[in-house]
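Chemist: Chains as they are written, first to last, in numbering that gives the first Met the number 0: chain P, 0 to 653; chain D, 0 to 154.
Read the hints as simulated data drawn from the structure, not as lab findings. Every residue, glycine too, gets a C-beta built ideally from N, C-alpha and C. Any given hint could be a false lead.
For each label pair, taking beta carbons as the anchor points, the in silico distance ranges come out as [said to hold, decoys possible]: (1) P:K597 / D:H27: 39 to 49 Å; (2) D:L137 / P:D598: 41 to 51 Å; (3) P:D598 / D:H27: 38 to 48 Å.
Reference listing, derived: stretches of chain D covered by chain P, where coverage requires no fewer than 3 residues with Cβ under 8 Å from a Cβ of chain P [as the list claims (entries may be wrong)]: (4) 7-20; (5) 97-110.
Okay, here's what each chain looks like letter by letter:
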Amino acid sequence: MNRVAVLSLSAIVRPLMVALLGGVFILDALTPLGVIIWLLYLIPVWGTFWYPHRQSPLIVAITCAILVVFGFFLSPPGSYSVSMVVVNRALGIMTVAITAAVIYQLKKHHEALAEARITLERRVEERTAELATTNQTLQEEIAARRQMADDLSKQTTILQSILRSLGEGVIVADMAGKFLVWNPAAERIIGLGPTNSSPEAWQRTYGVYLPDRVTPYPTEDLPLAKAIRGISVDGDEQFLRHAGCPDGLWLSVTGRPVYDASGAPLGGVVVVRDISNRKREDETLARLAAIVDHSDDAIIGTTFDGVVTTWNAAAERMYGYTAREVIATPITFLIPPDLIEEEQSMIKRLKEGERAAHLETVRRRKDGQDIHVSLTMSPILDRAGKRIGISKITRDISEQKRVEQEMKQHTDEVNVLNKELEAFSYSVSHDLRAPLRHIDGFVDLLQRQAGGFLDDKGRRYLRTISESAKQMGCLVDDLLAFSRMGRTEMRESWISLDALVQDALQTVKSESPGRNIEWIVNRLPEVQADPAMLRLVVINLLANAEKYTRSRVQARVEIGASKNSDETIVFVRDNGVGFEMQYAHKLFGVFQRLHSAKDFEGTGIGLASVRRIIARHGGRTWANGVVNEGATFYFSLPQKGERCHGGVEANTAG
Amino acid sequence: MAELKRILLAEDNEKDVELTLAAMEEHHLANEVVVVTDGAEALDYLCRRGKFAARQNGQPAVVLLDLKMPKVDGLEVLRVIKSHPDLKSLPVVMLTSSHEERDLVESYRLGVNAYVVKPVDFQRFISAVKELGFFWALINQAPPASMTKGTNWNT
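Start from the sequences and build out the full structure, keeping to the hints where you can.
Modeler: Have a look at this one:
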């Protein structure tokens with residue numbers, strides 16, 4: 000730029016200079032100017048000062064000197080002497096020369112100064128450029144740092160937010176054991192926040208125990224303490240119990256040392272997880288597993304496709320296969336081929352939503368033996384309620400089956416015997432009586448036919464035969480009745496003992512006409528019994544009393560009862576001939592009699608029937624007696640349940 | 000009118016027959032008794048088949064049936080009589096040695112008209128037979144002959 004300015008300046012100055020020199024020379028040549036002439040020549044010399052070329056003052060000065068010389072010869076002589084003009088001209092040349100020299104020097108200095116200024120300016124420019132670059136770099140650096148700071152703050156926020164939202168507790172402590180981080184989860188899980196306690200007091204402060212739940216956790220072994228010492232700990236299980244959680248809780252703790260960027264230790268971090276639920280589940284599972292393992296029933300798990308998934312110890316015993324042999328194989332090896340369909344239909348029912356299927360079936364052992372089993376199948380549900388398999392609980396009922404079979408056999412035998420007995424007694428009642436009837440019948444016919452030819456003795460023989468036959472008939476009847484009593488079905492109901500005794504009394508009275516007996520019937524309760532059978536009991540006892548008081552002029556029979564919470568006791572007391580207590584035990588036996596048939600007729604079946612009937616009702620029979628004073632017969636009936644008096648209110652209202 | 004008094008006695012035991020007849024004779028009823036010795040024969044008689052095919056007279060006033068008989072027993076004869084449209088109105092009396100309840104129950108279920116247990120005591124037997132004979136053969140009004148045609152079942 001300066002250069003252009005210089006060039007443009009020289010382009011103006013040079014013609015100006017030439018014109019000036021030309022003008023001065025012409026003026027000199029035309030007019031005698033005297034001294035003024037060299038003064039005029041000084042003007043262009045001075046003008047070179049602004050002309051860029053350093054040599055220009057010299058060139059202009061030489062030109063001026065030459066022109067001065069030429070002017071001498073051309074200039075018209077004036078009033079001046081030649082010598083004066085020569086001196087003047089010489090003085091002018093000298094002045095021009097000196098001026099040129101001065102200007103040269105000035106120009107030289109001026110140029111040097113200009114040069115120095117230019118250099119300086121250039122250097123200033125360079126430095127300015129340098130400064131700008133540096134500034135740029137600095138700006139960029141500042142921006143980068145600001146970005147970094149922003150990023151860091153963002154990351155810190157994210158980290159804090161992560162720490163806050165983590166389900167696991169995170170605790171960080173520095174080398175001195177001062178807590179730096181203790182996130183909300185840690186506080187929630189542990190139930191306590193950070194404290195100023197020293198690492199030695201952590202065990203007590205937070206109630207940390209070994210998995211046995213009672214031994215305090217050794218302070219130096221705490222995962223955080225170890226992490227601070229540079230030792231990693233993975234999934235350490237510990238038990239926590241303090242005032243805030245008296246029931247305690249289970250933790251799984253993982254610890255890691257923390258280092259700075261240069262690798263210098265900064266402290267330790269632990270991640271704490273609450274595993275109480277898992278622990279409880281583990282315990283439940285262990286208990287269930289123990290139950291399954293110790294069960295006497297084979298407990299087998301299968302998939303819905305019948306592939307064995309679990310196989311307990313009882314299954315090993317029952318079937319002879321070890322778990323290793325059968326797990327992951329189809330269960331069909333247990334099922335006899337003809338029962339596969341049954342199994343499949345059960346599984347189908349379970350698939351269709353049935354809760355459990357039960358059946359008795361047959362399974363095949365490893366040794367090929369078939370066993371009877373009681374099998375219960377039920378679906379195994381996962382937490383979501385999805386059917387993921389089938390549990391099969393199997394009980395070996397071979398023994399039970401065998402016993403059942405035996406029982407059935409026994410029952411069958413007993414039934415056969417009973418049938419035989421029934422047939423026997425049926426046949427006895429028909430066929431044994433017929434000959435007796437014939438004896439009596441033909442004795443009677445003989446008596447009519449030949450009675451006239453017989454003497455008294457003969458007729459007595461016939462009478463005896465007839466009586467014996469009748470006696471035998473009674474025996475057969477009584478025996479049959481007695482036997483029937485043990486076999487016929489009982490139909491118990493609530494009956495009024497009062498009414499029953501009155502009815503039986505009528506029967507007994509009608510069979511003993513002419514007897515004068517004082518019958519005393521006390522108030523009698525209602526009892527639960529088979530009416531027909533109980534009637535037989537009462538008739539037997541009343542008839543007995545009637546029979547054994549026959550020798551009394553003033554016969555007296557009393558009937559009464561007493562009731563307690565367990566049983567009703569009924570008695571029949573007479574003032575008859577009585578009996579000797581030492582034979583009391585024989586009273587109720589079949590065909591057992593304490594009196595001769597001559598004194599008191601009878602077959603010895605009556606009291607045996609009484610005992611049998613009462614025994615069938617669950618009661619007892621006994622008797623007290625004194626010879627010639629009388630006897631008392633007792634029977635008891637157990638209280639089987641309160642009677643519902645549904646009609647009481649209606650009765651009182653009516 | 001003598002025909003109305005006819006009694007059919009089905010009894011396999013000849014001693015029982017003799018005693019029964021003796022008892023009836025006692026009361027002058029014997030000449031009216033037709034004796035058959037088993038159930039099959041009793042049915043033959045009532046239905047006029049076999050050796051009774053040519054029988055012309057009407058049905059008896061009463062049928063006395065022993066329970067236990069060879070071939071066809073008394074209960075079976077009773078069942079056939081009471082389920083036959085032409086015979087069911089015939090009075091039937093069971094005359095038996097036993098008083099087994101199930102026989103009694105079964106007899107009444109089948110529609111027996113009376114059930115008599117033959118007593119061992121012959122005197123009582125006589126009076127029982129006498130009462131039976133009097134009631135069924137003399138007192139009781141037999142069903143009209145039209146109700147007891149006794150057609151042959153085999154046709």
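Chemist: Using C-beta distances, would you say chain P covers the region 97-110 of chain D, given that this needs three or more residues below 8 Å?
Modeler: holds (count 4)
Chemist: Looking only at beta-carbon atoms, does the pair K597 (chain P), H27 (chain D) fall within the given range of 39 to 49 Å?
Modeler: Holds: the Cβ-Cβ distance is about 40 Å, inside 39 to 49 Å.
Chemist: Measuring from beta carbon to beta carbon, are L137 (chain D) and D598 (chain P) in 41 to 51 Å?
Modeler: 45 Å Cβ-Cβ, so the 41 to 51 Å window holds.
Chemist: Closer than 8 Å Cβ to Cβ for three or more residues is the test here. Does the region 7-20 of chain D pass it with chain P?
Modeler: Check passed, 4 qualifying residues.
Chemist: In this structure, is the beta-carbon distance linking D598 (chain P) and H27 (chain D) contained in 38 to 48 Å?
Modeler: Hint holds: Cβ distance 43 Å, inside 38 to 48 Å.
Comparing the model with each numbered hint stated earlier shows that all of them hold.
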